[in-house]
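J.: Could you put the whole structure together from the sequences, leaning on the hints where they help?
2 protein chains.
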Amino acid sequence: MKRMIIASTSTVHGGTYLSYILPELEKFFAEVKTILFVPYARPGGISHDDYTGIASKGFAAIGKEVVGLHTFESPEKAVKSAEAIFVGGGNTFLLVTQLYKNKVMEAIREAVYNGVPYLGSSAGSNITGLTMQTTNDMPIIYPPSFKTLGLVPFNINPHYIDADKQSKHMGETRETRIKEFHKINTLPVIGLREGSWLEVIGEEITLKGTLSARIFEQGREGYEVETETSIKF
Amino acid sequence: MKRMIIASTSTVHGGTYLSYILPELEKFFAEVKTILFVPYARPGGISHDDYTGIASKGFAAIGKEVVGLHTFESPEKAVKSAEAIFVGGGNTFLLVTQLYKNKVMEAIREAVYNGVPYLGSSAGSNITGLTMQTTNDMPIIYPPSFKTLGLVPFNINPHYIDADKQSKHMGETRETRIKEFHKINTLPVIGLREGSWLEVIGEEITLKGTLSARIFEQGREGYEVETETSIKF
Chain A
1 MKRMIIASTS
11 TVHGGTYLSY
21 ILPELEKFFA
31 EVKTILFVPY
41 ARPGGISHDD
51 YTGIASKGFA
61 AIGKEVVGLH
71 TFESPEKAVK
81 SAEAIFVGGG
91 NTFLLVTQLY
101 KNKVMEAIRE
111 AVYNGVPYLG
121 SSAGSNITGL
131 TMQTTNDMPI
141 IYPPSFKTLG
151 LVPFNINPHY
161 IDADKQSKHM
171 GETRETRIKE
181 FHKINTLPVI
191 GLREGSWLEV
201 IGEEITLKGT
211 LSARIFEQGR
221 EGYEVETETS
231 IKF
Chain B
1 MKRMIIASTS
11 TVHGGTYLSY
21 ILPELEKFFA
31 EVKTILFVPY
41 ARPGGISHDD
51 YTGIASKGFA
61 AIGKEVVGLH
71 TFESPEKAVK
81 SAEAIFVGGG
91 NTFLLVTQLY
101 KNKVMEAIRE
111 AVYNGVPYLG
121 SSAGSNITGL
131 TMQTTNDMPI
141 IYPPSFKTLG
151 LVPFNINPHY
161 IDADKQSKHM
171 GETRETRIKE
181 FHKINTLPVI
191 GLREGSWLEV
201 IGEEITLKGT
211 LSARIFEQGR
221 EGYEVETETS
231 IKF
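Those sequence lines, one after another, are chains A and B. Note that the working numbering numbers the first sequence so that position 26 is 26, with each residue one more than the last. Note that the working numbering numbers the second sequence so that position 202 is 202, with each residue one more than the last.
Don't take each hint at face value.
Examples of chain B residues lying across from chain A (beta carbon under 10 Å, computed) [stated by the list, open to error]:
id: 1; residue: Val12
id: 2; residue: His13
id: 3; residue: Arg42
id: 4; residue: Lys80
id: 5; residue: Glu83
id: 6; residue: Leu94
id: 7; residue: Leu130
id: 8; residue: Thr131
id: 9; residue: Asn136
id: 10; residue: Met138
id: 11; residue: Tyr142
id: 12; residue: Ile161
id: 13; residue: Ser167
id: 14; residue: Gly171
id: 15; residue: Arg177
Hints in this document: simulated from the structure, not taken from any laboratory. Quick caveat: nothing in here was measured; it's all calculated off a predicted structure. C-beta: ideal position from N, C-alpha, C; glycine also.
T.: Set out below in structure tokens:
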């Protein structure tokens, strides 16, 4: 049975790494001793080692050990024997490229279907959707495909942000970008605000955290769903 | 001899379509009667016809006729016989996909090298660089390549925007995104603020408009260049 936490962000304003969600993670990973960390997205371009260090420090607060996927000779085998998986944020194009290059996209999908608990934040949440096509990231590398894990039947837009009505900037708002996506794609999109997450238990998907989320479906206006709502299409 | 205007945006806050740059365009297109408009980027997902209508209305103010590339049976032939080319903004992924699909990427490059005046705004400016990898857009479609026209020896970041120091949003700033690009790419990047443009005459490239631009090179901090500066690496 699938068990996942799909978080908009690793860090909320004024907090430290994962601090806002640690009580939830303590319950979620109650049976887990060691978490396999996927550092491929390299936020700000930091090294795999440095990024794994940040994740380790975050999880030390709840007594979990973290090991970096990059330290294994066979990433595929490491995924197959993982107790739990955490895919961190950063650049989604880089993350997806590395997941394909290291042949772990399919292995992660299988592990999660087999019940290995999965935590994603930001880019690591984006890839739980059917495609990475609602990422906010810059295409710094050309991935072999935009298809991702498909562990939920929709796409994720992490770090969802409402339009700033005072802004004089003429670049597209987040909502405009997602509407452009829906001109040529049919998948629903969940805009997850920072501090929100989706909890997935089997086929049951629930919005958690204190904020509402914004849902976009092709051919209709975006609409809000409140926290603790079950997400169904 | 190449002649290009590479504009950050089609419209500045409080203005109408192209209004801020019309005096410049009147000089630039002085010898031109009809402009071939490439509507492929479809801002907000509008139709090719509607988008061509907006461009036509903008150029009517300086007495230019605009025809949409989508109205020709052979887009390649249309480009080859164009007096002038304008590639409008919208979604860069969609634009690049359509340019390849309609086999006009190479034809546009050749036309510009042969002296056909080229105007780009936003996505239409992004593609004048070596790759589209510093676009701000959402990857709503998978293009066959990220390589673009390569008419200037660097990449463009249109709608460049400085970090909002008051923001509590944890998503990456534009500068952070470009720094991530430089962790794995060597091309210089010009962040063009809205209201700025590059004028290209042969190999001479000059920043125009009232604002400074921000330049990013691999391995050094971003720095400002003032308007009327010649851009060289």
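J.: All the hints need checking, so say for each whether the structure fits it.
T.: Verification of the supplied hints:
Using the Cβ-Cβ criterion of 10 Å, the hint placing Val12(B) at the interface with chain A is satisfied: the shortest such distance is roughly 7 Å. With a least beta-carbon distance of about 4 Å to chain A, the hint placing His13(B) at the interface is held under the 10 Å criterion. Below 10 Å, beta-carbon pairs count as interface contacts, and Arg42(B) has one with chain A at about 7 Å; its hint therefore holds. For the restraint placing Lys80(B) at the interface with chain A, the shortest Cβ-Cβ distance is roughly 28 Å, beyond the 10 Å limit, so the hint is violated.
With a least beta-carbon distance of about 28 Å to chain A, the hint placing Glu83(B) at the interface is violated under the 10 Å criterion. Of the supplied interface hints, the one on Leu94(B) holds, with its beta-carbon coming within about 7 Å of a beta-carbon of chain A, less than 10 Å. Using the Cβ-Cβ criterion of 10 Å, the hint placing Leu130(B) at the interface with chain A is not satisfied: the shortest such distance is roughly 13 Å. Contact between Thr131(B) and chain A, as hinted, is supported at the beta carbon level, the nearest pair being about 9 Å apart and thus within 10 Å.
For Asn136(B), the suggested interface contact is upheld, since its CB lies about 6 Å from the closest CB of chain A, less than 10 Å. Here the hint on Met138(B) is kept, as its CB sits about 4 Å from the closest CB of chain A, short of 10 Å. With a cut of 10 Å, the hint placing Tyr142(B) at the interface with chain A holds, because the nearest CB-to-CB distance is about 5 Å. The closest approach between the C-beta of Ile161(B) and any C-beta of chain A is roughly 6 Å, which is under the 10 Å cut-off, so the hint is satisfied.
A hinted interface residue such as Ser167(B) counts as satisfied when its beta carbon comes closer than 10 Å to some beta carbon of chain A; here the least separation is about 8 Å, so the hint holds. Hint status for Gly171(B): holds, given a least beta-carbon distance of 4 Å to chain A, under 10 Å. The closest approach between the C-beta of Arg177(B) and any C-beta of chain A is roughly 4 Å, which is under the 10 Å cut-off, so the hint is satisfied.
The structure does not agree with the numbered hints 4, 5, 7 stated previously, though it agrees with the rest.
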